[in-house]
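Chains C and U, in that order, are what the protein sequence lines are.
Throughout the first sequence, residue numbering follows our numbering, covering 54 to 551 in sequence.
Throughout the second sequence, residue numbering follows our numbering, covering 946 to 1297 in sequence.
Honestly, the hints are just simulated from the structure, not real lab data.
Even glycine gets a Cβ: it sits at the ideal position worked out from N, Cα and C.
Hints are not guaranteed to be accurate.
Said to hold, decoys possible - Simulated coverage check for chain C against chain U, where a stretch passes if three residues somewhere in it have a Cβ under 8 Å from a Cβ of chain U: (1) 194-203; (2) 401-409; (3) 422-436; (4) 485-492; (5) 535-542.
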Amino acid sequence: MAEATPPPADAPLPATAQIGVDSWVSEADERQARHTGLWGYVARGWDRLPPAGKLALVTPAILIPFIPFVSSGNLFNYGIFILIYALLALGLNVVVGFAGLLDLGYVAFFGFGAYTYAFLSGTHSEKGHVYTHHWPAELAIPVAVVVCGVLGVFLGSTSRRLLGDYLAIVTLFFGQAFVVFTNAADPYGITNGSNGLANIDNLRFSFFGHAFTIASVRAYYWFLFGCVIVVLVLLHLLSESRTGRAWKASREDPLAAEMMGMPVNRLKIMAFALGAMIAGLAGTTFAAAQTGAFPQNFSTQVLILIYAVVILGGAGSLTGMLVGALVIIVSNQVLDSTSPPQLQRVLFYLALMVGFAWLFRSSWKKLVTVVVLTIGLGFAVHAVAAEWWPRGIHGPVTSGGFLTGAIKHWVLLPANSGRLADYAYLLAIILAVALTQLKGWWRVAIAPFLFVITVFVWENLLILQPAVTRYVLFGALLIALMATRPQGLFGTARVEIV
Amino acid sequence: MIATPQPRLGSLGGQYRHRLGSFGGLGIALVVWALYAVYFSPTQGWTFFLQLSVNGIILGSIYALIALGYSMVYGILKLLNFAHGDVYMIGSFIGFGILTLFGGALTPVMPVVLLVLIMFVVAMLGSGVLGVAIERFAYRPLRNAPRIAPLISALGVAFFLENSALLLFGAQYRNYDGYDLISYNGIHLGGDAGVFVSYLGVIVISSAVALMVALVCLVRWTRFGKAMRAVSFDREAAAMMGIDPDRVIAKTFFAGSALAGAAGVMFGLLFSQIYYLIGFLAGLKGFTAAVVGGIGSIPGAMLGGLLVGLVESWATGYLNGNVSDLVVFGILIAFMLIRPTGLLGSPALQKV
């Protein structure tokens, strides 16, 4: 045929309003078949690996204690936290990933585990009550885990009557009630209010007369490592078992699962209870490793962190939880206010560049154009400012390290930025929103401005408050992941048939 | 299974005959509670009870405005907009910015009436635009995704807004000084020892009522309102009738978020102190109000807001401030378990 025939006049126009959800369903195969080239090769190879191979590949964390310059503080901040969050994410994965229930009170179980352990193995006194129980760990941990499991059954039993959003809200209130309970509403002085509990025993086991105590950070690392491996293997077996398949079936379509004779209500409660028990286990070890339990350890921030791990890793995937915990917790700890700013800067710029490269991954031409334009724009703005607004380039570089020279000559650093950085922050958000709404070369036109302004905001505002910045970034990560890749790194794309 | 009617936006009366029982139950519960509070509380009598109730109604009108936004969005999109409370917080900060821009509460550069009016208008416009942007950016791409996706996205938006506010405005409290701005005086009902209603409270209640009346008129009697009801009833059918659901949804977000912005300014005027976390609890309570009233129902949101405000005020007065939140949440959970459709919601079975 020489030329394409024009569509008949009465052909339905592509409506801007989508009618029905069939396009989402019909494109499912196409979306999955999109893995071509190098990425597809890697993805298919990954799928072919047996579970043990995956496990071996995603646990380089085992090497952390052997790195010579790791101090015990670093091992605590990175190693222990990564493992704790991996454990928490594995538990949440049962609820959110396997059973498909949104549990926003999950962090309360983490807290209940920690406080129960603190109550059973520790010394504290408040409001005239003195609590000195010193249970050994092999008793205290199972009791705490069972307490959390019972609470999980209690919370899960509300899912009998509630669906979807309402369940999410009830669990959110459960979490909120826990926060109120630990902080204020406690007549018997069990939680010691907002001061939290200190003087918690280390994990002390005694088997058949042999007593040993886990006291050093390194020992806790290995203990947690063992816990993660055990939980991982158990969950893998469980997810392949009858119960695991029933969870996934009831996640995809509760009604059809019920018709097939699956006890959907009981399955939901089981998922809640199992998730709660794993969180309780994480809580006990966390309280012992920190030798304290404080209300702010179980705040909404922690919940968001766990969700970021689960969503980034890919709900439903076990390996994803480990990788997610690694990425999120390393970012979280690097952006803590106590870690060196050079490290924060390198991480931020790496993330920024990866983000931009991801945006323009489909076309080398556009990517190169954006890079050239960005570099040029930075120098141009700097030159203009040097000519017309000298104050704009004479600010101090906040601990620049090896990047000081580049920053001095490329980024605007007003001597006294004042509200300017705040307005630039708003502008950066507006530009980022605009960027997502634009297509093609318009995107290329906007991107350099966004990059330059983001760097400006980072150097003048964000680097001064990294601890807040990280939460902004995690919030943005959740939104961006949901919009572009809801299955995360390792999850499988789900199709909802309505 | 039978497709039963979804909760309908903008339905006002007539169809609540089957709910007379629950109204009666609620009324009896309130009367019993009033008698109990007055005769058995050790030191205080009627005046204290009435004072708490008046405070509760003022607080409740703020919650009602927040609840309306939740309810409208839920009615039209079946989505819990977790970020709604933070839109309210941003609205409160916008109002504060306008107040500061025009000289602050102690030395306003223009007539107070005009200043308050400008604060309301700018805060409502600002939060409305913010709401539309959130919908466009975070929810629209997920229209056909699994149910859990927009909820997580909403969580992300809420977290993003909260921490952005912390970044930009800092963690310290900002003072509206609403009583300095308007007046410390008020109306004494029943003599000097009687119930006191400040002029500020009167302003808050009356402007909340005005906004609600405007909203009801909008939903009942305009083309947009009709389109909104149609989309909330059945989006696909509405689209086939030539209504663009995306536009209607965006406008709904604008209206709901504007109401939240107004509520934010009212909160600032009334309680003076605002900071970046006020959105979280207010959002939860607004949501409670929406559920208690029957989510998706506009009069239900108003009724629920009043009830939540009253309960919180009574719990603060008779118990203490720490547990008042727990009491409110307890009521919410009880309502969800016993009567998930709320007081005025239609019984909504899941459509298959």
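Going through the hints against the structure:
Counting residues of the segment 194-203 of chain C whose C-beta sits closer than 8 Å to any C-beta of chain U gives 0, which falls short of three, so the coverage hint is violated. By the rule of at least three residues with a Cβ nearer than 8 Å to a Cβ of chain U, the coverage given for the segment 401-409 of chain C is violated, with 0 such residues. Beta-carbon proximity to chain U at under 8 Å applies to 0 residues in the segment 422-436 of chain C; the threshold of 3 is not reached and the given coverage is violated. For a cut-off of 8 Å, the count of residues in the segment 485-492 of chain C with a CB near a CB of chain U stands at 3, and the three-residue condition holds.
Using a Cβ-Cβ cut-off of 8 Å, 3 residues of the segment 535-542 of chain C lie near chain U, which meets the minimum of three, so the contact claim holds.
Of the hints listed earlier, those the structure fails to meet are numbers 1, 2, 3, in rising order.
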